[in-house]
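J.: Two chains, two separate frames, one set of hints: put the complex together.
The primary structure of each chain is shown beneath.
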Amino acid sequence: MAGGFVYNAIDQTELSTAEIYGKAIADIVQKDPKVVAVTPDLAKSTKLGEVLKVCPERVFNVGIAEQDMFGVAAGMARAGLIPFASGFSAFTSMRACDQLHTDICYQNTNVKIIATHAGTSFGQAGSTHHAIVDLAITRAMPNLTVIVPADGLETANAVNAAYENFGPYYIRINRGFDRVLYDSQDYGFEVGKAVEVHPGTDITVIACGSCVFQAREAAKFLENADGLKVRVLNMHTIKPIDRDAIMKAVLDTRRIITVEDHSTIGGLGSAVAEVVVEGGKACAFRKLGHPDKFAPIGLHEDIMAEVGIDSNGIIAAVRDVMKMDFEEDDNWDDEF
Amino acid sequence: MALSKQEWLALEKKAFELRKLCLQTTVWAGSGHIGGGMSIMDLLTVLYHKYLNIKVEDPQWEDRDRFILSKGHAAIAYAPVLCDKGFNDVEMLKTFNLSGSKMGMHLDSNKVVGVDASTGSLGHGASIAAGTALAARVLGKDFLTYVATGDGELGEGSNWEGFMTMNHYQLSNCIVFIDRNHCMIDGPTEDVMKLEPLADKMTAFGFNTIVVDGNNIGALCDAIDTAIERSKEPCAPTCILMDTKKGAGIKTMEGDYLWHYGAIDDALFEKFNAELEEDYKARVARAEKEGK
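Here the protein sequences line up with chains A and B, keeping their order. Here the working numbering is used: the first residue of the first sequence is 1, the next is one more, and so on. Here the working numbering is used: the first residue of the second sequence is 1001, the next is one more, and so on.
Source of the hints: derived by calculation from the structure; they are not laboratory data. Treat the numbers as computed from the prediction; the structure is a model and nothing was measured. Even for Gly, the Cβ is constructed at its ideal location relative to N, Cα and C. Check before you lean on any hint, since a few could be wrong.
Quick look at which bits of chain B chain A covers, simulated, 3 or more residues with Cβ under 8 Å [what the hints assert, rightly or not]:
id, region
1, 1071–1082
2, 1127–1137
3, 1158–1171
EDC-like, lysine to aspartate or glutamate: derived pairs with alpha carbons at most 20 Å apart [stated by the list, open to error]:
id, chain 1, residue 1, chain 2, residue 2
4, B, Lys1141, A, Glu57
5, A, Lys323, A, Asp252
6, A, Lys34, B, Glu1062
7, A, Lys34, B, Asp1063
8, A, Lys34, B, Asp1142
9, B, Lys1085, B, Glu1057
10, A, Lys248, A, Glu274
Just chain B, with the same shape it has in the complex (with noise of 0.2 Å):
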């Protein structure tokens, strides 16, 4: 289904906040991952304001589609947006890295409601979709499950392993996304350790891959609706592979590895949210100008 206009422009309204949420926790938590986190932010939105088929009284029901942060350590974005949703108290997130907290930087799915899978340990997410994927085909269920990897994720050869399985049982049930903002924590992906040509080797691993701007909610959703189409029969698994920025939104951290994880002052905080708010016009401008 198209992404109306209103919709679009309401998915940025959520966007907008669960990004200033995302700084707020940050804050809370002393530091987090927050480059990352704004990076895939407007894919967690998507999916939990448009497409995930979940019930938030009912968090454990058995037809739910699921989502797996294969990049836990995105947790710092994640969490805000399982709480805004309902699966857990907003005032959780004020604890977030705290002694004794149930969130810790990556996300315990035995601890917070609405976690699939909990990660944190690179590379695990994509064997774990694999399994639930064929799970669901086991149990008769048409239910999706969607995986989210980062790029340098991507160095660890588990990855590689559960690519293979998804496109040796043709799981096209199995959404694979992956978060590319070309940043990892000692540089950008390509000095530390190349990962290009990155749509051509996962075409080359099975998948039907469509490469897209990952922080257009837009395109996005496109792109989804197509991954979606083709998941209603049995055929090669979709590769959603996300050209994004580091720091997305924020003007100042955008595209800088080195704000793969840090700590943000009163006088950071501030002018991030300023930011932010100047980075939501540009979006709403641009929502209202390719929206249909």
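Next comes chain A alone, as it looks inside the complex (with noise of 0.2 Å):
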């Protein structure tokens, strides 16, 4: 497991995903000097709010400008200090981007970026606080580290391992409410390396964030309903990608889908694509996510449920790729 502050089944109960994430930057806030904390203006909102509580010498809030934000964490990482930047995604990644580019990632300075609100987990906010690009360009970013956490406890396990490894780290998580995947942060995380959270034989559904829980849920209906083995691996890292695990699911399944609460332009699934047809091994391959177009208003799981992100919609998409039989047909046309 990570090192750091240990979160359990019952605080996951109580605490939303922010408040675990806020209670484990507080921690780490008191015990290294060296650790501060940035925001613009949503303290309360990213929960750095418990930061407050304990050392509110440590929070320096720039008001409503995540550029100053970025460019004032860069200055502080690079005077020797570990700075966490937390704003609403869709801003860190698209009205910070500059910053995030040039003072963040470019100079490689050691600053903790937790982006959050992400994908449509503002759902009823709109489309001005979705944030359906920003894998596509955080993962584009040299240096930068990106991490999708599914829940809360792996939310603490990603922070603890920005907070202890040197570099940019880019951890977006949600709105706050998400399912509970892990009863217990001793599952072993580590960056870079994709958990398998149920086993199968038939087909991987590969899947980041809120989309896990959703993914584990269809693969159980799925055994249970149509005998199917459906390996799901939480993909917390999208970069770097674990290659390795995206390979062996290749070789042992032959059908990988991905699901992301993100466009299926640029994001994890993308990741995911660029390893298979590197790895030269046919297979059957779906991405799950937003369309190429700006996502509805509604409730979470009222869009993810509408995508087609939710397990409903994996299980169908499941379905449907079980049926392609690409492997022994040289007619290629009837496959899609």
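T.: Structure below.
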């Protein structure tokens, strides 16, 4: 398991993802005088308020100014501090994209970004507050490690890992009301290593963030209803991607579905597809995520259902992909 | 500490040598942002040869003063200063802008020794400087952070976010310079996008604003002395608004926005060197007259 602070199932029952994250940061701040928090008027929304309670002199609110937040964080890091900079992922990735690129990644600064309200988790706020392109942006930035935790305990693991390892991290979490995936923090979290959350040999579903829980539910259902053995990989680290786990899935199951609360362009699905294509082994492949259009307004779970990245959508996709008989068929036209 | 006449004359000599090296580097590079490099050369000279508490033998010394060149395209002037100071081999200047060089048009802090921030994308320096100054407070250190922006650069709104942070946290340990050379790529600043009344704007943003002739080393040092005196306690940060000339020191170039970026052939190189010599004589005469 990751080092640092440990939270348990009781914490997770009582606390949201964001609250566990806020508590994890607060614990680190109390331990290390070089850790600071920077926020753009979102101390409460991003749960950095937990740090305010224990160490207010090391929380710096820059006002509604994400670009400034990243520049300030970069300056702090270059001077020897370890800043956790937290804001809505829509704005940390887009409004402050140049600062993320140049001040943080180009300079390889030790800034830890906690990008909250990711995907469509702030669904009712509409597309101005949806972040469905942030993985495409951040994944392409050199030096940046990109993590999408599946629930609160994994967020705590990710925060601890980011603290313990030098370099810029982009940790993408939701608004804070995730379904609970893990009942313990001790399941072998390691940056860059996928975690199998359901065994299977017929097909592999590779998911990240809130979609991992949905994929595991789908796998349980399909095992009972269809007798299918669906492997589910929690691909919490988008970069560096776990190439070995992907290629093992290709060789073992020959059918891959990716699921993410993000555009199907440039995110987890694209990252996995790159590995699959470079691996040179044929397999059936499908990306689930937001199509190339802006997401609807609504509750997160409603949007996930509409887009087809909830358990029902995953079940339908698995059944569809299982029909593909590509291995012994020279006529590929009828496959898709 | 007031600038003595002797020190002023020594700084003029150094600024002259660095201007010549900047001109030479532009020739080696094939072309460069020489206009804005010359306008800020007096500031770079006094910072690196009078004010910055730095150790050439220990460039990452954690207690050092920081300098952030927000107008990163002035690297054509900054690189010669860093090489002449001893942070990097002067021979590196012969590779400036060339393929495979560590020195591009905008300096990379992870490649060029002595550079505190990788700049080039405009409007970033103020926030980085604010963060650096805040870090000094958190770490209980008394180093100073100096940041220099261009004037046209102030069109980037992110500068003003950084200025707000400096004021909000009363970062008097951060000293802001604006190289007000009145020119940008497409023309005079007031034609392209009005900046005036710039001093009033800085004051309205909470700065103790000092307007000074940025190409007069004596006046510039007086302003910096005032800013340093104010840095000892948290209070309103100081902005030194330097009235400068694009291409300062080369008469043909002075005030001409077309010299934002340019190439110099052999004939111009000879002519510009001669003009630098003439300018130096005038500067020495001024220092002799005004110095104490």
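J.: The structure should be examined with respect to each hint, and the outcome stated for every one.
T.: Each hint, compared with the structure:
| no. | hint | verdict |
| --- | --- | --- |
| 1 | 1071–1082 | violated (count 0) |
| 2 | 1127–1137 | holds (count 10) |
| 3 | 1158–1171 | holds (count 7) |
| 4 | B:Lys1141 with A:Glu57 | 16 Å, holds |
| 5 | A:Lys323 with A:Asp252 | 17 Å, holds |
| 6 | A:Lys34 with B:Glu1062 | 14 Å, holds |
| 7 | A:Lys34 with B:Asp1063 | 15 Å, holds |
| 8 | A:Lys34 with B:Asp1142 | 16 Å, holds |
| 9 | B:Lys1085 with B:Glu1057 | 11 Å, holds |
| 10 | A:Lys248 with A:Glu274 | 15 Å, holds |
Hint check: a violation occurs at hint 1 only; the rest are consistent with the structure.
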